[in-house]
Amino acid sequence: MRPRRITNKKTGRLRGNATSLLLIFITTAFLALFVLLPLAAVFAEAFRKGSEAYFASFNDRYALAAIRLTLLTAAIAVPMNVVFGVMAAWCIAKFEFPGKNILITLIDLPFAISPVIAGLIFVLAFGRQTALGGWLIEQDIKIIFAVPGIVLATIFVTFPFVARELIPLMQEQGTLEEEAAVSLGAGGWSVFWKVTLPNIKWALLYSVILCNARAMGEFGAVSVVSGHIRGVTNTIPLHVETLYAEYSYVSAFSVASLLAFLGLVTLVAKTILEWKTKRKDKR
Amino acid sequence: MNKKFQMTTLILVAAIGFPFVVSCTPKNGDADSAEGTPKVVKNVSLLNVSYDPTRELYVEFNDAFVKHYQKETGVNVDVKMSHGGSGKQARAVIDGAAADVVTLALAYDIDVIAEKAQLFPADWQKRLPDNSTPYTSTIVFLVRKGNPKKIATWDDLVKPGIQVITPNPKTSGGARWNYLAAWGHILKNELGGDLKKVNDPKFADAVKAAEEKAKEHLVALFKNVPVLDTGARGSTMTFVQREIGDVLLAWENEAVLAIKEFGTEKFDIVVPPISILAEPPVTVVDKVADKNGTREVAEAYLKFLYSKEGQEIAAKHFYRPRDKEIAAKYAGNFKEVELFSIDDVFGGWQKAQKLHFSDGGIFDQIYQPK
Numbered sequence: 001m002r003p004r005r006i007t008n009k010k011t012g013r014l015r016g017n018a019t020s021l022l023l024i025f026i027t028t029a030f031l032a033l034f035v036l037l038p039l040a041a042v043f044a045e046a047f048r049k050g051s052e053a054y055f056a057s058f059n060d061r062y063a064l065a066a067i068r069l070t071l072l073t074a075a076i077a078v079p080m081n082v083v084f085g086v087m088a089a090w091c092i093a094k095f096e097f098p099g100k101n102i103l104i105t106l107i108d109l110p111f112a113i114s115p116v117i118a119g120l121i122f123v124l125a126f127g128r129q130t131a132l133g134g135w136l137i138e139q140d141i142k143i144i145f146a147v148p149g150i151v152l153a154t155i156f157v158t159f160p161f162v163a164r165e166l167i168p169l170m171q172e173q174g175t176l177e178e179e180a181a182v183s184l185g186a187g188g189w190s191v192f193w194k195v196t197l198p199n200i201k202w203a204l205l206y207s208v209i210l211c212n213a214r215a216m217g218e219f220g221a222v223s224v225v226s227g228h229i230r231g232v233t234n235t236i237p238l239h240v241e242t243l244y245a246e247y248s249y250v251s252a253f254s255v256a257s258l259l260a261f262l263g264l265v266t267l268v269a270k271t272i273l274e275w276k277t278k279r280k281d282k283r
Numbered sequence: 001m002n003k004k005f006q007m008t009t010l011i012l013v014a015a016i017g018f019p020f021v022v023s024c025t026p027k028n029g030d031a032d033s034a035e036g037t038p039k040v041v042k043n044v045s046l047l048n049v050s051y052d053p054t055r056e057l058y059v060e061f062n063d064a065f066v067k068h069y070q071k072e073t074g075v076n077v078d079v080k081m082s083h084g085g086s087g088k089q090a091r092a093v094i095d096g097a098a099a100d101v102v103t104l105a106l107a108y109d110i111d112v113i114a115e116k117a118q119l120f121p122a123d124w125q126k127r128l129p130d131n132s133t134p135y136t137s138t139i140v141f142l143v144r145k146g147n148p149k150k151i152a153t154w155d156d157l158v159k160p161g162i163q164v165i166t167p168n169p170k171t172s173g174g175a176r177w178n179y180l181a182a183w184g185h186i187l188k189n190e191l192g193g194d195l196k197k198v199n200d201p202k203f204a205d206a207v208k209a210a211e212e213k214a215k216e217h218l219v220a221l222f223k224n225v226p227v228l229d230t231g232a233r234g235s236t237m238t239f240v241q242r243e244i245g246d247v248l249l250a251w252e253n254e255a256v257l258a259i260k261e262f263g264t265e266k267f268d269i270v271v272p273p274i275s276i277l278a279e280p281p282v283t284v285v286d287k288v289a290d291k292n293g294t295r296e297v298a299e300a301y302l303k304f305l306y307s308k309e310g311q312e313i314a315a316k317h318f319y320r321p322r323d324k325e326i327a328a329k330y331a332g333n334f335k336e337v338e339l340f341s342i343d344d345v346f347g348g349w350q351k352a353q354k355l356h357f358s359d360g361g362i363f364d365q366i367y368q369p370k
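Quick note, the sequences are listed as chains A and B, same order.
With the first letter of the first sequence counted as 1, position 222 gets the number 222 in this note's numbering; the numbers rise by one all the way through.
With the first letter of the second sequence counted as 1, position 260 gets the number 260 in this note's numbering; the numbers rise by one all the way through.
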């Protein structure tokens, strides 16, 4: 599709074609080498000893515990980020207030800092050596090296996904439709549900999918706060690392293929949604 | 349009939610296990925070202990494990990981927990026999098949063109044993083969000169180290899986395990003529165990390490057992090697750690990251 568009507009028809073909070839080769090949390798390694060994990897209490923990973490982190992300995007896109830029910067913070540092922040905040952490441990409330810490770290790392996706769209849409609704007597809630939300629903769904993929796949931040207790605080990515370190390659890659599969599902869903939004734009 | 949106959402929720429901459904085995036994089965969970290469040892040991304890007391124990570089694991316990017992690579890492978090008394090492060390080990070399670079002693590691793989002494216990073993070897050479001179004031000048030599030697050694992993297992992976390096400085048990996993046709073990007596100690974390009500189990767990059965499992995993009888039975597993102890040559872990591995210590002076 693209090369035709370029050649239609430009004069050098033949040269443009050759360059674009070359660029397409390089890009495809690059993607195949750095994306498709490793992905194929994951599945090849996972099935190296046959499908029986592959499925046996999941029939293990530690693998099941890791899957359960990952799903639980995503089930808490994603809805929370949806609620807060929509709220933040709504404030920023539809209202003017002092300190708005600071808020935007804060939302971007998790993107800007390394996940490992994000994890360390929670260790520094809730570790036994700090006043707060010491007190919490006295009360028998476990945050780090337990499930709450993993959920917190995941929320932190995935926080920008929803807000960042929605802000540009909502800014572009402006406040005209909302103003019209208000002038017709609609209250705040019904403006949000009947005007704002329908306008952003596809973008929202798109951000949820990305947010979910990252929440399930996060390694760095979670690794720092987890303590790597098998069957208790190992998420799927951490469990993969543990299996790999224990020379259980087939199991490691089988469980890793689960994450790769999630990635593929995310891609398909993303493509469908992009197609949807584009069709909507054309109307 | 709206309907389609709802459908898509529904499918997505179902796709994400389905595995969750499946994995949360209790398996039959869990519910049935209580059947048949008339008395109520008590369940206790125990967390053992350990260092990197003990993964396989504690899988087998935990199984044996659970059976043993069940028979003795009727209590069902669920032993949970966490593994990583020894220094890193100590840090986690200090920061709040709720370990009932710690089984780390060296005494200093446990000292630090006692000092910083005050979770057990500072003289913890006197509470169990043999310095609270149920098994010992030493440091050996793992080389590529046929030993193409002809590495035989610690002196060969500093030759130009040799790549040495060892973890980071700041985070790994094994790496600190590696470092100190190399240091001790140079001291012995420089002092005319007599390590006793280290503690003799008459030879203070000679010792000082020998230490300078050792420092030079380690500068050269670490120039040959292309990468420092955080734990022993990470380094093993670098050497055997990523095929980087000519020689891996490894725990004896870790080297043997690597050969068992990858086959004798790929690697050889070289035992240097002299090495260090590595003592990886164990202790109950009193405050955590008391809070969890697991002190009894935790103490029984560590005591079981010293039993014939526990010693035999350790020997099978190539940890040198303390028990004379078991040691004799498994003598074929372990090569004779001259061993010096940290107390004899370095005056104990506290001193060695401060001098060599603390911030600004000798290791910081000699190691320049590339």
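Certain hints may be false.
[What the hints assert, rightly or not] No more than 27 Å apart at the CA atoms, straight line, and that leaves these computed lysine-lysine pairs for BS3-like:
1. A:K142 - B:K287
2. A:K49 - B:K266
3. A:K142 - B:K354
4. B:K196 - B:K215
5. B:K197 - B:K213
6. B:K208 - B:K351
7. B:K335 - B:K266
8. B:K159 - B:K208
9. B:K202 - A:K142
10. B:K196 - B:K208
11. B:K116 - A:K142
12. B:K335 - B:K67
13. B:K351 - B:K67
14. B:K88 - A:K142
15. B:K42 - B:K88
16. B:K260 - A:K49
17. A:K201 - A:K278
18. B:K266 - B:K145
19. A:K142 - B:K291
20. B:K202 - B:K215
21. B:K329 - B:K42
22. B:K88 - B:K351
23. B:K42 - B:K291
24. B:K215 - B:K354
[To be verified] Label pairs and their calculated CB-CB ranges:
25. B:I259 - A:A56: 17 to 27 Å
26. A:A75 - B:Q70: 27 to 37 Å
27. A:F55 - B:I244: 26 to 36 Å
28. A:F55 - B:E261: 57 to 67 Å
[As the list claims (entries may be wrong)] Covered by chain B, per the in silico footprint, the following chain A stretches (three or more residues, Cβ under 8 Å):
29. 18 to 28
30. 123 to 136
31. 168 to 178
Since the hints were made in silico from the structure, they are not lab data.
The structure displayed is predicted, hence computed values, not measured ones.
Ideal placement from N, C-alpha and C gives every residue a C-beta, glycine not left out.
Against the structure, the hints come out as follows:
1. Distance check on the hinted pair: K142 of chain A and K287 of chain B sit about 15 Å apart at the alpha-carbon level, within 27 Å; holds.
2. Note on K49 of chain A and K266 of chain B: the hinted pairing holds, with a Cα-Cα distance of about 21 Å set against a maximum of 27 Å.
3. Taken as a hint, the K142 of chain A and K354 of chain B pair is broken in the structure, with Cα atoms around 32 Å apart against an allowance of 27 Å.
4. With a C-alpha separation of about 19 Å, the suggested pairing of K196 of chain B with K215 of chain B holds against the 27 Å cut-off.
5. Among the hinted pairs, K197 of chain B with K213 of chain B is consistent with the structure: their alpha-carbon atoms are about 16 Å apart, no more than 27 Å.
6. For the suggested pair K208 of chain B and K351 of chain B, the alpha carbons sit about 16 Å apart, so the restraint of at most 27 Å is met.
7. At most 27 Å may separate the alpha-carbon atoms for a hinted pair to count; K335 of chain B and K266 of chain B meet this at roughly 20 Å.
8. Note on K159 of chain B and K208 of chain B: the hinted pairing holds, with a Cα-Cα distance of about 24 Å set against a maximum of 27 Å.
9. Between the alpha carbons of K202 of chain B and K142 of chain A the distance comes to roughly 55 Å, so the proposed pair goes past 27 Å and is violated.
10. The hinted pair formed by K196 of chain B and K208 of chain B meets the criterion: a straight-line CA distance of about 14 Å does not exceed 27 Å.
11. Of the pairs offered as hints, the one joining K116 of chain B and K142 of chain A holds, with about 19 Å between alpha carbons and a cut-off of 27 Å not exceeded.
12. This hinted pair does not check out: K335 of chain B and K67 of chain B have alpha carbons roughly 32 Å apart, beyond 27 Å.
13. Between K351 of chain B and K67 of chain B the CA atoms are separated by roughly 41 Å; this puts the pair beyond 27 Å, and the hint is violated.
14. The suggested pairing of K88 of chain B with K142 of chain A holds, with an alpha-carbon distance near 19 Å, which does not exceed 27 Å.
15. For the hint pairing K42 of chain B with K88 of chain B, the CA-to-CA distance comes to about 33 Å; that exceeds 27 Å, so the pair is violated.
16. Distance hint between K260 of chain B and K49 of chain A is fulfilled; the C-alpha atoms sit about 19 Å from each other, no more than 27 Å.
17. This hinted pair checks out: K201 of chain A and K278 of chain A have alpha carbons roughly 13 Å apart, not beyond 27 Å.
18. A threshold of 27 Å between alpha carbons decides the hint, and for K266 of chain B with K145 of chain B the separation of about 5 Å falls inside it, so the pair holds.
19. Annotation: proposed proximity of K142 of chain A to K291 of chain B holds, straight-line Cα distance about 13 Å (limit 27 Å).
20. A C-alpha spacing of about 22 Å is found between K202 of chain B and K215 of chain B, which places the hinted pair at or below 27 Å, so the restraint holds.
21. In summary, the hint linking K329 of chain B to K42 of chain B is not supported, as the alpha carbons are separated by about 37 Å, beyond the 27 Å threshold.
22. With a C-alpha separation of about 20 Å, the suggested pair K88 of chain B and K351 of chain B falls inside the 27 Å cut-off, and the hint holds.
23. Between K42 of chain B and K291 of chain B, the direct Cα distance comes to roughly 17 Å. Compliance with the 27 Å bound is thereby established for this hinted pair.
24. A C-alpha spacing of about 15 Å is found between K215 of chain B and K354 of chain B, which places the hinted pair at or below 27 Å, so the restraint holds.
25. A C-beta distance of roughly 26 Å is found between I259 of chain B and A56 of chain A, which places it inside the suggested range of 17 to 27 Å.
26. Checked against the hint of 27 to 37 Å, the C-beta distance between A75 of chain A and Q70 of chain B comes to roughly 35 Å, which is consistent with it.
27. Checked against the hint of 26 to 36 Å, the pair F55 of chain A and I244 of chain B passes, with Cβ atoms roughly 34 Å apart.
28. For the pair F55 of chain A and E261 of chain B, the supplied restraint of 57 to 67 Å is violated, since their beta-carbon distance comes to about 23 Å.
29. For the segment 18 to 28 of chain A, the proposed coverage by chain B is not satisfied: 0 residues have a C-beta within less than 8 Å of a C-beta in that chain, short of the threshold of three.
30. Given as covered by chain B, the segment 123 to 136 of chain A passes the check, having 6 residues with a CB less than 8 Å from a CB of that chain where 3 are the minimum.
31. Interface restraint, the segment 168 to 178 of chain A with chain B: violated (0 residues with C-beta to C-beta distance below 8 Å; minimum three).
Hints 3, 9, 12, 13, 15, 21, 28, 29, 31 from the list above are not met by this structure, while the remaining hints are.
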